[in-house]
Amino acid sequence: MLEQCEGSHAVAAAVALSRPEVICAYPISPQTHIVEGLGEMVKSGALSRCEFINVESEFAAMSVAIGASAAGARAYTATASQGLLFMAEAVYNASGLGLPIVMTVANRAIGAPINIWNDHTDSMSMRDAGWLQLFAETNQEALDLHIQAFRIAEELSLPVMVCMDGFILTHAYERVDMPDQAQVDRFLPPYEPRQVLDPDEPVTIGAMVGPEAFAEVRYLAHAKQMQALDLIPQVADEFRQIFGRDSGGLVKPYRLEDAETIVIALGSVLGTIKDTVDELRSEGVKIGVLGITSFRPFPISDIRDATAHAKRIVVIEKCFAVGIGGIVSRDVRSAVRNRPQPVLTVVAGLGGRAITKASLTKLLNDAIADKLELLTFLDLDWDIVNRVLEREKKQRRSGPIAENILRDLGPSAAGA
Amino acid sequence: MTGAEMLSIAAFLGGRHAQAFPSFGSERTGAPVVAFCRLDDKEIRLREPIMQPDALIIQDATLLHQVDVFSGLKKDGYILINTTRTFEALGLGEFARDFRPERLLTVPASELAMKHVGRPVPNVPLLGAFAALGGLISLDAVQAAIREKFKGAVAQGNMDAAREAYEIVMEQEKKAEAHHA
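Quick note, the sequences are listed as chains A and B, same order.
Sequential numbering of the first sequence, starting at 3, is according to the working numbering.
Sequential numbering of the second sequence, starting at 472, is according to the working numbering.
I should point out that these hints are in silico values taken from the structure, not numbers from a laboratory.
For each residue, glycine too, the CB sits at the ideal point set by N, CA and C.
Certain hints may be false.
[Said to hold, decoys possible] Partner residues aside, some chain A positions facing chain B, computed with beta carbon under 7 angstroms:
1. Y175
2. E176
3. Q197
4. G325
5. I326
[To be verified] Think about it this way: if two alpha-carbon atoms lie no more than 30 angstroms apart in a straight line, the pair counts; the simulated DSSO-like pairs of lysine-lysine are:
6. A:K396 - A:K276
7. B:K622 - A:K45
8. B:K646 - A:K288
9. A:K359 - B:K513
10. B:K546 - B:K646
11. A:K276 - A:K359
12. B:K513 - A:K364
13. A:K396 - A:K288
14. B:K622 - A:K254
15. A:K364 - B:K545
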């Protein structure tokens, strides 16, 4: 049924429809509304046969999810930003043990400087942790991906992270088509664990493995993610048959026919990029968009095939590997290896900086004119940067950078 | 943010696509907050903040001279201010001359909320007033959105406040148009 609701509410409802048995979470912006919503549903009885466990930290949240999952329960948690970092050790354990936990990451920047706004640095910090990572473009897709995530996680016995842009999606009210329980039940069977802590058939989970087999365990984790490259599109197909809409899959091509320039991105910024590309198309520019839904596993073949005829690839990413540059674009480069097309990295939207159609239009026109450098920071304020560099040149005790910048900018900066 | 949310719900109930979102600042009770709402007949994909609004609803007139609230507003745009005063009295007489007079409206939304709901929460009466503006959403849709958000006496009070605000603005528009003609 169509409804107009907040993204967090849509996700909480989707998780509830997936019949989780244990939910454990520690609140952090911008994830809070999701777990608040689920807590209310458990308390009111609207979500039955589910235990909501308040924990003292994100590390505990993931640890409880690991225990619950190992005991055979469908387990869910959600976090963001510093919360994800705080649970990092347990994040690796969940995947290393092969436990199909589903976690929402309401994407938010990582401090310092402390910043509650959106970018993808948090999820990207865990990109090599062995979890699958699916990125939602809209609230509808965030809703749908959660239902698919339980199915994918449990078939593979691997955890899945559903990444949705903090505030931009979590706090946005928009139209979603909310499935009913019967549809979800048809799509998502009860959890049948591959491994379970059962007193009648005791097993150990979490043994120490030495040099004789550690590499093999790791390789198997990789092999399973490679299986996911087949499974994710299959699950999206089945989802379409039951729910009647396209959601999920590995990549999302948009107006790629005859495209000489292909823009690659993840998450909600795809909407603004598509609007920009429509305008450029109407002016006769041959340009298209390739959205990446599955960042882990990384769909190398799909990206390689979709970009085969492009003259250039522009990767717009809300994250940044300090000391080298792009993160998504490095993976894209490995997909198009041995080809002459340049892969241009554009770092944008860090810490909630708005990514506007006007800036994108200028950026893409520069790219088309081959005027874009290999690494570009969209809308970087060079005055701010240069003032700091000048100050550091002039005096040894130049002071804290962030605070100096805020003082340079004046009172409007702190208020916003 | 509640106002933008409810506006989006009213537009949705009226069959439109709507997208409402906050300015994502650290929202605290009493701190200045900006929230945005886009309405369209097709899916809304754009995620940038609204920098050139067609309409501006100002809940707190004390912000008028502290923040550049009119930034980017189009010259044929609508302005709706929660106040008991006129544009002249608010010190906006000069500024208002560039705009179409029938699109500059005021409504005592806080007072209407006090009268009908017992608390000075101007969101709902402002929405009622907005329904009288440009016909983007109907008063019926606003009333339906109120029934989704509130129950019982609070819902009824808000519905009454929205209706009175709607009528006040309709009256202003008629006067402005008559004066104009």
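Q.
Are any of the numbered hints broken by this structure? If so, which, sorted upward?
A. Going through the list in order, the structure violates hints 3, 4, 5, 6, 8, 13 and 14 and respects the others.
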